[in-house]
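Undergrad: Here are the chains, one letter per residue:
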Amino acid sequence: MNITINNENSMTAKTKSKKNLLEVKHLKTYYPVKGGFFRRTIGHVKAVDNVSFEIRKGETFGLVGESGCGKSTTGRTILRLLSPTEGQIIFDGNDITNLSGNKLREARKDFQMVFQDPYASLNPMQMVGDIIGEPIKNFYPGKQKKEIKEEVMDLIFRVGLPSDAYYKYAHEFSGGQRQRIGIARALALKPKLIVADEPVSALDVSVQSQVLNLLKELQDEFDLTYLFIAHDLSVVKHMSDRIGVMYLGNLIEVADKHSIYDEPLHPYTQALISAIPEPDPDRKKERIVLQGDVPSPSNPPSGCPFHTRCPMAKEACSEIKPKLKEVKPDHRVACILYD
Amino acid sequence: MLKYTLRRILGMIPMLFLISVVVFTLALAMPGDPFSGEIDPNNTDPEYIEEMREKLGLNDPLHIQYARWISNFVQGDFGESTRYKMEVSDLIAERLPNTVLLGATSLVITYILAFAMGMYAGRKPYTLGDHFIGGFNYFGLAIPSYIAGVFAIYIFSFQLGWIPFQGSVDITVEKGTLEYWLSRLHHVITPAIVLGLLNIASYTQFLRNDIIENSRKDFVRTARAKGTPEGKIYNRHILRNSIIPLITFLGFDIVNLVNGAIITEAIFTYPGIGQLFLNSVMNQDYPVLMTLTMMFSFLVLVGNLIADILYGVVDPRIRLD
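Listed in order, the protein sequences are those of chains P and D. If you read the first sequence in the UniProt record's numbering, its first letter stands for residue 1, the second for the next number, and so on. If you read the second sequence in the UniProt record's numbering, its first letter stands for residue 1, the second for the next number, and so on.
Derived by calculation from the structure, the hints in this document are not laboratory data. Where hints are given, some of them may not hold.
[Said to hold, decoys possible] Listing some non-contacts, in silico: residues in chain P with all C-beta distances to chain D over 12 Å:
(1) 135
(2) 139
(3) 185
[Claimed, not checked] Once the Cα atoms are required to be at most 25 Å apart in a straight line, the calculated BS3-like pairs of lysine-lysine come out as:
(4) D:85 / P:109
(5) D:217 / P:146
(6) D:55 / P:190
(7) D:232 / P:168
(8) P:25 / P:284
(9) P:103 / D:232
(10) D:3 / P:149
(11) D:217 / P:168
[Unchecked claim] Reference listing, derived: stretches of chain P covered by chain D, where coverage requires no fewer than 3 residues with Cβ under 8 Å from a Cβ of chain D:
(12) 103 to 110
(13) 114 to 121
Glycine included, every Cβ here is placed at the ideal spot set by N, Cα and C.
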């Protein structure tokens, strides 16, 4: 019975209700840098620097960018596994920015995470049944053991694990299967939002697509909203409805996936898109090769963070930090070229 | 697991044989011989001495002497103490319960203190409490047990009069009563703490470091993300992983306790195996000395085996076969 209801819901989800499940406003997460004899804070790594976006109910929001640009930090801050330095996180109408202790724990029921490394993120001392069942035990302490086991067995079945997985340990499984355990664990509480932090980057290419398809199927089945973090552009394209591009802790472009891939506006996004390998060897395309390295996030450049490498940089770029603004309907970009 | 254990036990046999050769050789290499304890010290007639040497088998070739000793040994006949004039097995059986009580008390104290301090320090690292515990432990590591023992006796026994400074029980109490056991506990507690001092320190620091290391691992973040209460994260997820290295120490502890007991028992004049061993060296009591050395070596082997088996029990990733 549940399944039919879920399917109806997913229909409405796919038609894209405009209701926001998550709103992130001017989010900043800084890591302190300690140094000197007394280990004082001598600076900050600005991992996430003033990022604002929203995720609508039922959609998949892809977050892309190169290593170290703050994608994972953004995801973890949203789930409050890290504390934001500034800004606001509004989840389903509630401000969760400053929750702590038991209130935060209670709130976690609705947002879960699939972690990047399926090898390290599962407790080696727990049996798979306990790994998946623990969140249920945490939030419904009155539940019968038998009931929990039934739920876990159902999850094991849904994510495509063998039925004898319950009494096995995580190390007895392959990478792809371990990621399925992680997904089942995230699903156990029937959350509204799942943050998938590079869920397939640690997996074999042959297994990646299986796990991605599983995520898509489960999205329909459980009416899930995803924040999908990845650096593989073709994976993000396959998964997402809308995409945000990050560079050096800043969100520089947000649009639906077709706009991003067909007509990227920001010079950095253009360079990224041009770097996607072309399967057809006869088709020549222009590749934009960026010069130089990513600047250090502890000492970001003045003005536009990208101006040091931007092929179209003007003098003003080093002075004015462009704000994210709507250039076309539902297409926002942070670049003075479009002012 | 059973197959593994049996194979390991079989593997001990050649090891024990080699150890017995070494023990026998070392005993021979010691100055003097067991002879002096066996004859009438007032009779200095060379003919009498020669006769006794022949009778006791000391003139036989070495390999025959060795074969005689080892064949008696494996049959459970450890010989007769040249000093106490009683069976070595009886002598050891009389002393062993004292040492076992000392070792067990020491272990219990070690575990309670180490777990309490280690879990606190690991959960709140780099705080005042952690530094205090760390300081206390490095103090414990730095002080050898013979110094700690002497100071403990001086302070707690001579100055404060809290504890007796020698023996294993008050001789005035009747055996088997509650008072008798309380008296034993009273006698054993200080040597047990002194004996455990080093272990307490190293266990605590090991546990603390392991908890800190594990608390930074991904699976702990997973536990936090799925809403596990903080206390449960530390007591279940982290502790179960951090206990593994400690459990393996348990095997070696058996050995350490016996070795440590030699010094501690001597200082507290506590009548256990350790004191017996020391006395047997001083008095050239060869049968006792050799039996105890064999026993200690055997304990090392058993301790290692226990450590390995425990590894397989506590860590599901390790399969013994």
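Undergrad: Decide if the proposed pair is consistent with the structure: residue 25 of chain P and residue 284 of chain P, CA atoms, cutoff 25 Å inclusive.
TA: Roughly 41 Å between the alpha carbons, so the hint for residue 25 of chain P and residue 284 of chain P is violated.
Undergrad: Sort out whether residue 149 of chain P lies within 25 Å of residue 3 of chain D, counting only the CA atoms.
TA: 34 Å, violated
Undergrad: Take the C-alpha atoms of residue 103 of chain P and residue 232 of chain D, compute the straight-line distance between them, and say whether it is at most 25 Å.
TA: Measuring from Cα to Cα gives roughly 17 Å; hence the hint holds.
Undergrad: Is the straight-line distance between the alpha-carbon of residue 55 of chain D and that of residue 190 of chain P 25 Å or less?
TA: Given pair residue 55 of chain D, residue 190 of chain P is violated - Cα atoms ~88 Å apart, limit 25 Å.
Undergrad: Grab the minimum beta-carbon distance between residue 135 of chain P and chain D and tell me whether it stays above 12 Å.
TA: 4 Å, violated
Undergrad: If you look at each residue in the stretch 114 to 121 of chain P, do at least three have a Cβ nearer than 8 Å to any Cβ of chain D?
TA: holds (count 4)
Undergrad: Are the Cα positions of residue 85 of chain D and residue 109 of chain P separated by 25 Å at most?
TA: 76 Å, violated
Undergrad: According to a criterion of three or more residues whose C-beta lies within less than 8 Å of a C-beta of chain D, is the stretch 103 to 110 of chain P covered?
TA: Holds: 4 residues of the stretch 103 to 110 of chain P have a Cβ under 8 Å from chain D.
Undergrad: Confirm or reject the statement that residue 185 of chain P sits farther than 12 Å, beta carbon to beta carbon, from all of chain D.
TA: 6 Å, violated
Undergrad: Using Cβ atoms and 12 Å as the threshold, tell me whether residue 139 of chain P really stays out of contact range of chain D.
TA: Label violated. Min Cβ-Cβ 6 Å, cutoff 12 Å.
Undergrad: Mind checking the alpha carbons of residue 217 of chain D and residue 146 of chain P for me, to see if they're no more than 25 Å apart?
TA: 31 Å, violated
Undergrad: Would the hint linking residue 232 of chain D and residue 168 of chain P be met if the CA-CA limit is 25 Å?
TA: Holds, because 22 Å separates the two Cα atoms, which is no more than 25 Å.
Checked against the numbered hints above, the structure breaks hints 1, 2, 3, 4, 5, 6, 8 and 10 and satisfies the rest.
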